[in-house]
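K.L.:
Here's the letter readout for the chains.
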Amino acid sequence: MAKIDLSNISHSYNPNDANPTYALNPFSMTWENGKRYAILGPSGCGKTTMLNIVSGLVKPSKGNILFDEKDVTNLITEERNIAQVFQFPVIYSTMTVYDNLAFPLKCRNFSKEKIDERVKSVSDTLRLSSFLNLPARKLTADQKQLISLGRGLVREDVAGVLMDEPLTVIDPDLKFRLRRNLKEINDQYKTTLVYVTHDQNEAMTFADNIIVMDQGEIVQVGLPKDLFERPKTTFVGYFIGSPAMNIFESQVSSEYSVKINNIEIKTNSNLTKLKDKNVKLGIRSEFINVVEKEGENTIKASLTRVEDFGNFKLLTANMDNFVIKSKVDRELPISIGDINLYIPPEKCCVYENEKLI
Amino acid sequence: MEKLYTFLKYTFITLWTVFIVAPFLWAVSTSFKDFQSVNSKVTYIPWLDFEPTLEGWRVLVKSPARGGVDIVEPYFNSIFVTCTASLVSIVLGTLAAYALSRFTFKAGFVRNNDITFFFISQRIMPPIVLSIPFFIFLSTIGLLDSLLGLVVVYIVLLMPIAVWIMVDFFNRVPKELDETALIDGCNPYQAFYKVVLPNSIPGLIVAGMFCIIFGWIDFFFAFILTFTEVQLLPVKVVALNSSITPWWSLSASALISVAPLIIVAFVVERYLSKGNLSGALK
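Protein chains in written order, with this note's numbering: chain A, 1 to 357; chain B, 1 to 282.
Bear in mind the hints are in silico, worked out from the structure with no lab data behind them.
Incorrect hints may have been included.
[Said to hold, decoys possible] From the derived model, a few chain B residues whose C-beta atoms are all more than 10 Å from chain A:
{"no.": "1", "residue": "Ala27"}
{"no.": "2", "residue": "Ser146"}
{"no.": "3", "residue": "Cys186"}
{"no.": "4", "residue": "Val195"}
{"no.": "5", "residue": "Glu229"}
[Claimed, not checked] Looking from chain A toward chain B, a few residues come up when the C-beta cut is under 10 Å (computed):
{"no.": "6", "residue": "Leu57"}
{"no.": "7", "residue": "Thr73"}
{"no.": "8", "residue": "Asn74"}
{"no.": "9", "residue": "Ile76"}
{"no.": "10", "residue": "Ile82"}
{"no.": "11", "residue": "Phe88"}
{"no.": "12", "residue": "Val90"}
{"no.": "13", "residue": "Thr96"}
{"no.": "14", "residue": "Pro104"}
{"no.": "15", "residue": "Ile115"}
Beta carbons: idealized from backbone N, C-alpha and C, even for Gly.
Model the full assembly from the supplied sequences, consistent with the hints where possible.
P.N.:
This is the structure in structure tokens:
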């Protein structure tokens, strides 16, 4: 349990080359004690590198890591007292389940009673109690991953538990329960949990704070609601939400409005200070409504596809070369042809050079 | 179709077994024959075709003074040299292989693969290339014609095998296993011997088996680097031959020479089928 500070961290895997490429661009961040964080981003964006830097498996090219204000940058992994769970289960296949769970405590010379108590408690939480005396290699893949997870949770004094897509191999039903378990553990022990994933639903349901990364860059840190409603860059807009945010090329036409194909759309953003008149307008498909009549902030488009997802309908409409997607109530009667879509100004996000203004 | 396949399979296995086992049966029966039974007419069945005798076996343990050839001492010499050299090779080779598998080495243009290849290249070279350097080396340090000298040379010969097998093996052990051990609080040495090594027992057994086999059967270096003080089994067995070939004692000595390897094969086979890596990851 610790506050983890990452200060001016950057990392390159080829720092001595003439033109080093950076897996992580310089950033600073603080992970508060006892909070849950999710690191979200596409494959290869530097998520795993970030975790490995915190756990000490990778030494950053630049910058410092502090656990509770204590500089641990030069400490090796075993001295950091941190737990990390990998994407695929790693078990000590020659040991029993009990010995697997006890291993981190044994390495740190805990008393036998304490080890017993902790292993019992963790195995109860993860429902591994009945397997304790079995050789770990006899278990199924998801049970093995539970062991990996258990080894991370067995130390109470751990600075943080880092998880690198830990639930990939676990079936959806158990996944759901485990995420809730992790939350409970976090509430109970106030362990700092950091969870790497490329699945936005996993991130949204798990974390207090979501860190969105792209190409070695941290693009946005915030609550699930912020990421959804006010994505800071068009990348976040694309990446978060299903379907991705609607993003339209547009021109600034007045103080508060932009033009898409000569249709004036009012927004709540003040656009007077913009140098470039070419901007992008972003709007979530959830906020676009079908209305009967044309009017202010409506777009006339031709509906080309209706997909029924059971709990909602996804409409795909074309307006000249633009494609607009809108999520509507599944009960809404709808037919292929021309429709009017209303774009609420308060939900519009305007992007200059891919960045929110 | 299925039946035909089964039939062909068992026919092949039977033929192959006969091909392998027949020489052994021949050697077993010959080892109990005497000069008469070998040279006069073709004989197969003991007591019926010929009168079995233990003479072929007896001469192996008699001292030369009593008309024997005494392969007991060379036998134990061979066991000592093979086991010592194999053990040292496995220990050093495993450590070297672990380092080559997990750390990145750079020395000029030399990289990990080059170092691994350097080890293997010692086995690719024709042994005769190494004989003169070894001879001069051992004679310089005064270990020619000694057990210790042979152990040193055999380590050089066997370690590449151990390195080769173990590098390949460690490369297949996911590095997350080591990393997990580090995270759980091991230092790198503990991670190696508490976690990685127990997972590598199948590899160690295979490497050990190959070391023992190659150490045990080597004739060339044992022949070149020893004279009178020390003799190893393969050299001694060959030395049994004379103008009248003693088929009976040659057969007997051949049988007890391969006996240890047969035992090793049986023990290892059991381990190989039981111990495997399945389940360490995924």
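K.L.:
Does each hint fit the structure? Answer for all of them.
P.N.:
Each hint, compared with the structure:
In this structure B:Ala27 is separated from chain A by more than 10 Å, as the shortest Cβ-Cβ distance comes to about 41 Å. Against chain A, the non-interface label of B:Ser146 holds: every CB pair exceeds 10 Å, the least being about 40 Å. For B:Cys186, the condition that its CB be more than 10 Å from all CB atoms of chain A is violated, with the nearest at approximately 5 Å. The claim that B:Val195 is not at the interface with chain A is violated, since a C-beta of that chain comes within 10 Å of its own (minimum 6 Å).
For B:Glu229, the condition that its CB be more than 10 Å from all CB atoms of chain A holds, with the nearest at approximately 45 Å. Using the Cβ-Cβ criterion of 10 Å, the hint placing A:Leu57 at the interface with chain B is satisfied: the shortest such distance is roughly 5 Å. Hint on A:Thr73 is violated. Least Cβ distance to chain B is approximately 16 Å, over the 10 Å limit. Nearest Cβ of chain B to the Cβ of A:Asn74: about 15 Å, over the 10 Å cut. The hint is violated.
Interface restraint check for A:Ile76: the shortest CB-CB distance to chain B comes to about 8 Å, inside 10 Å, so the restraint holds. Because the closest C-beta pair between A:Ile82 and chain B is about 7 Å apart, less than 10 Å, the hint holds. Hint status for A:Phe88: holds, given a least beta-carbon distance of 6 Å to chain B, under 10 Å. Annotation: interface hint on A:Val90 holds; nearest CB of chain B at approximately 5 Å, less than 10 Å.
Hint status for A:Thr96: violated, given a least beta-carbon distance of 13 Å to chain B, over 10 Å. Given the 10 Å rule on beta carbons, the hint for A:Pro104 holds: about 4 Å separates it from the nearest Cβ of chain B. The interface hint given for A:Ile115 is violated, since its Cβ lies 13 Å from the closest Cβ of chain B, which is over the 10 Å cut-off.
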